[in-house]
Amino acid sequence: MSLTKKRTLLTIGAAAFLFLSLVMTALRMVAIYTAVDPATGFYSADILWYDVLLTVFAAFGILFFGFSYLFGVRFCTKTETKERNLTPMDSQMRPTCGTRLMYATDSTPRIFASAFCGFSLITFALLSFIELALTPMEIALQVLAILAGIYLLLQYTPLFPLYSARRTLGALLPVIWSGATLVQYFLTSNRIATGEYHNWYILSLVTITVFFFLQSLFTTPARVLYRFHTLYAVGILGAGLTLIFTVPTLLLSSFWCYSAYMQYTNFYALMGLIACAVYMTIFLFGFLHDLGKVKNQNGLYDICEDETSL
Numbered sequence: 008m009s010l011t012k013k014r015t016l017l018t019i020g021a022a023a024f025l026f027l028s029l030v031m032t033a034l035r036m037v038a039i040y041t042a043v044d045p046a047t048g049f050y051s052a053d054i055l056w057y058d059v060l061l062t063v064f065a066a067f068g069i070l071f072f073g074f075s076y077l078f079g080v081r082f083c084t085k086t087e088t089k090e091r092n093l094t095p096m097d098s099q100m101r102p103t104c105g106t107r108l109m110y111a112t113d114s115t116p117r118i119f120a121s122a123f124c125g126f127s128l129i130t131f132a133l134l135s136f137i138e139l140a141l142t143p144m145e146i147a148l149q150v151l152a153i154l155a156g157i158y159l160l161l162q163y164t165p166l167f168p169l170y171s172a173r174r175t176l177g178a179l180l181p182v183i184w185s186g187a188t189l190v191q192y193f194l195t196s197n198r199i200a201t202g203e204y205h206n207w208y209i210l211s212l213v214t215i216t217v218f219f220f221l222q223s224l225f226t227t228p229a230r231v232l233y234r235f236h237t238l239y240a241v242g243i244l245g246a247g248l249t250l251i252f253t254v255p256t257l258l259l260s261s262f263w264c265y266s267a268y269m270q271y272t273n274f275y276a277l278m279g280l281i282a283c284a285v286y287m288t289i290f291l292f293g294f295l296h297d298l299g300k301v302k303n304q305n306g307l308y309d310i311c312e313d314e315t316s317l
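Take the sequence shown: its letter number 215 is residue 222 in our numbering, and every next letter is one higher.
Derived from the structure by calculation, the hints contain no laboratory data. C-beta: ideal position from N, C-alpha, C; glycine also.
Computed Cβ-Cβ distance ranges for the label pairs, DEER-style: (1) 138 <-> 11: 47 to 53 angstroms; (2) 150 <-> 205: 24 to 30 angstroms; (3) 172 <-> 18: 33 to 39 angstroms; (4) 11 <-> 142: 48 to 54 angstroms; (5) 58 <-> 25: 18 to 24 angstroms; (6) 138 <-> 195: 17 to 23 angstroms.
With these hints in hand, go ahead and build the complete structure from the sequences.
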């Protein structure tokens with residue numbers, strides 16, 4: 008299948024899943040408002056229709072993951088490119104096409120999304136320091152959020168050249184921050200029974216952590232296959248799940264008395280998750296757009312037509 012068709016199908020698939028996520032966001036708000044006890048966060052009535060829709064959504068998510076693998080794009084590693092003589096390689100073993108596209112400095116939407124996410128993480132962490140009474144563990148999380156935000160804010164600048172130790176270490180900061188947030192949630196949520204939002208929160212954090220981890224692989228010179236479809240699937244799933252979790256939680260806790268929904272998190276933490284979801288969405292759609300610069304050689308997408316801008 009041609010790369011153009013793959014790009015089209017991947018774009019349509021992502022748009023369809025995000026649209027379904029918007030629908031599920033609205034339906035989750037209706038389900039919470041009509042069947043959840045505001046004081047405890049637990050369902051006080053059976054809502055079969057919502058259970059059926061959750062099953063359909065889960066099935067669609069699994070199908071979407073398989074769809075991304077079926078029409079996924081695979082890039083050569085640097086070693087493969089050299090061994091198969093697909094392109095001339097210099098002594099520096101220049102980055103592969105997948106990495107050059109991912110960190111292209113002429114991709115305005117992705118640069119904006121990264122800077123927005125980084126600025127948001129830094130801002131919300133500083134506001135947490137100022138306005139909230141934080142535990143030592145929460146203070147450590149805010150410090151990690153600031154460090155991760157600094158990297159995301161500056162990752163497209165010359166401060167983080169490709170395949171440098173600074174970029175490799177910097178790319179791990181968002182992974183450490185999101186992973187630590189997940190661990191902190193497990194440590195605190197086991198003290199009190201959790202409500203229906205428990206699974207949504209965990210899934211959001213897990214997918215965000217895995218996305219940042221997979222993205223960090225593109226910054227290393229390791230001899231691994233750079234499979235964009237895994238990053239694409241996890242990123243879109245994470246954006247959709249984060250949307251479903253954060254928007255109803257924020258709205259219901261802000262305009263109605265659903266205090267149980269803010270037991271283990273706060274407004275600034277949820278806004279940080281939304282910033283990550285925006286970043287993942289814009290980043291992946293921008294990457295799909297830039298795939299138009301790639302040429303196919305022997306089934307491996309390795310060469311960019313516009314070398315100067317990448």
